[in-house]
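Residue strings, one per chain:
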Amino acid sequence: MIEYYIKIQESMVSFRGVGNSRALEYFWKKHNNYFQNCLTHIMNHCQRWLGCRIALFNAAWLFVCLMLPFLSLKFFPQIFGEDKNWKIPLGLSWSFRVVVLTSNFVNQLANITNDLISVKRLEEYFNLDKKHDQGKRDRKYQRLAISPSSNAVEFKEVNLTINEIPILRKISLFVGYKERVAFVGDFSSGKHSIFKMIMGIYKADKYEKIEIEAKKTKKGRKNLKTVIASR
Amino acid sequence: MNFFMDRTPARIIYRLSADQIVVDDKLNDTIREGLESIIFIIGGFLILNYVYYGIFVIFSVIAIVILYKLLNFFLMVTVPIV
Chain A
1 MIEYYIKIQE SMVSFRGVGN SRALEYFWKK HNNYFQNCLT HIMNHCQRWL GCRIALFNAA
61 WLFVCLMLPF LSLKFFPQIF GEDKNWKIPL GLSWSFRVVV LTSNFVNQLA NITNDLISVK
121 RLEEYFNLDK KHDQGKRDRK YQRLAISPSS NAVEFKEVNL TINEIPILRK ISLFVGYKER
181 VAFVGDFSSG KHSIFKMIMG IYKADKYEKI EIEAKKTKKG RKNLKTVIAS R
Chain B
1 MNFFMDRTPA RIIYRLSADQ IVVDDKLNDT IREGLESIIF IIGGFLILNY VYYGIFVIFS
61 VIAIVILYKL LNFFLMVTVP IV
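From first to last, the protein sequence lines stand for chains A and B.
Heads up, the first sequence is in the working numbering, so the first residue is 1 and it goes up one at a time.
Heads up, the second sequence is in the working numbering, so the first residue is 1 and it goes up one at a time.
Honestly, the hints are just simulated from the structure, not real lab data.
Cβ coordinates follow ideal geometry from the N, Cα and C atoms, glycine included.
Treat the hints with caution; some may be incorrect.
What the hints assert, rightly or not - Chain B stretches covered by chain A per the calculated footprint, using a threshold of three residues with CB under 8 Å from any CB of chain A:
{"no.": "1", "region": "16-29"}
{"no.": "2", "region": "48-60"}
To be verified - Okay, derived cross-link-like pairs now, BS3-like style, lysine-lysine, Cα gap no bigger than 25 Å in a straight line:
{"no.": "3", "chain 1": "B", "residue 1": "Lys26", "chain 2": "A", "residue 2": "Lys156"}
{"no.": "4", "chain 1": "A", "residue 1": "Lys203", "chain 2": "A", "residue 2": "Lys218"}
{"no.": "5", "chain 1": "A", "residue 1": "Lys196", "chain 2": "B", "residue 2": "Lys69"}
{"no.": "6", "chain 1": "A", "residue 1": "Lys191", "chain 2": "A", "residue 2": "Lys178"}
{"no.": "7", "chain 1": "A", "residue 1": "Lys218", "chain 2": "A", "residue 2": "Lys170"}
{"no.": "8", "chain 1": "A", "residue 1": "Lys156", "chain 2": "A", "residue 2": "Lys209"}
Using the sequences provided together with the hints, build the complete structure.
Next up, the structure:
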């Protein structure tokens, strides 16, 4: 701040003799940053004041609402003084205040519900099931006549050959319901071919048992198709 | 097109980070503001009960129930992560 002030003073001294619009233009161009900084400084102060303003206004209103009956008794004794009925101004002022506050509260509730949408989305993404959802899931299994402990995908001693080249030999795999399985292995070790076999793109040559529960229902087949589409 | 809107995984991550910011920073303040205003409303209802011979008891009870629920939610949100 002090540096800027000195610079401006110097420039004013240097252009004192000229006294035309060009000098002013040059001055503005040279110290544009300083003015911008000043403006931001003032704006910051204003913003802080505006932040305080709501709280100050609320406090002032509360004070007025509390003092209104006493003030009305003092300044309008002809109206309120005879019966000492100070409840009328108090009731009126507070009813108005409560109406405004409730409208404010409704706006705030809308904000909260807006934020809760993101909470729900996060819950869905991370599979954060609540306790009461457990019963719901059990009922779903009962409806499908499947126990949650049984396997969704079951391979037993499966062999796969493509174009007379042996790719998989005696593979057995068990995947339960709602279970997440990662296929980890070297390059061209047969991860993707197992995946395609579950889809039904490749068909096994020799096998003891292949059971895929998802293929039994229409919804499951549709889900498998979407998995292929997302690949 | 923007990278964050072009590809599906990028879009998911973009949306997820925005949601996480809301839960971490914004939600706390919004609930606090709501609590402040409802406390003022309950105070107003108490005074109105005194003035209008307890007509506003029902509203005040409803407001207290809302306050209780919001307070629980506020405590749930502001619990430190262990």
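Results for each hint:
no., hint, result
1, 16-29, "holds (count 8)"
2, 48-60, "holds (count 3)"
3, Lys26/B / Lys156/A, "52 Å, violated"
4, Lys203/A / Lys218/A, "20 Å, holds"
5, Lys196/A / Lys69/B, "50 Å, violated"
6, Lys191/A / Lys178/A, "20 Å, holds"
7, Lys218/A / Lys170/A, "30 Å, violated"
8, Lys156/A / Lys209/A, "5 Å, holds"
When the structure is compared with the earlier hints, violations turn up for hints 3, 5, 7 and for no others.
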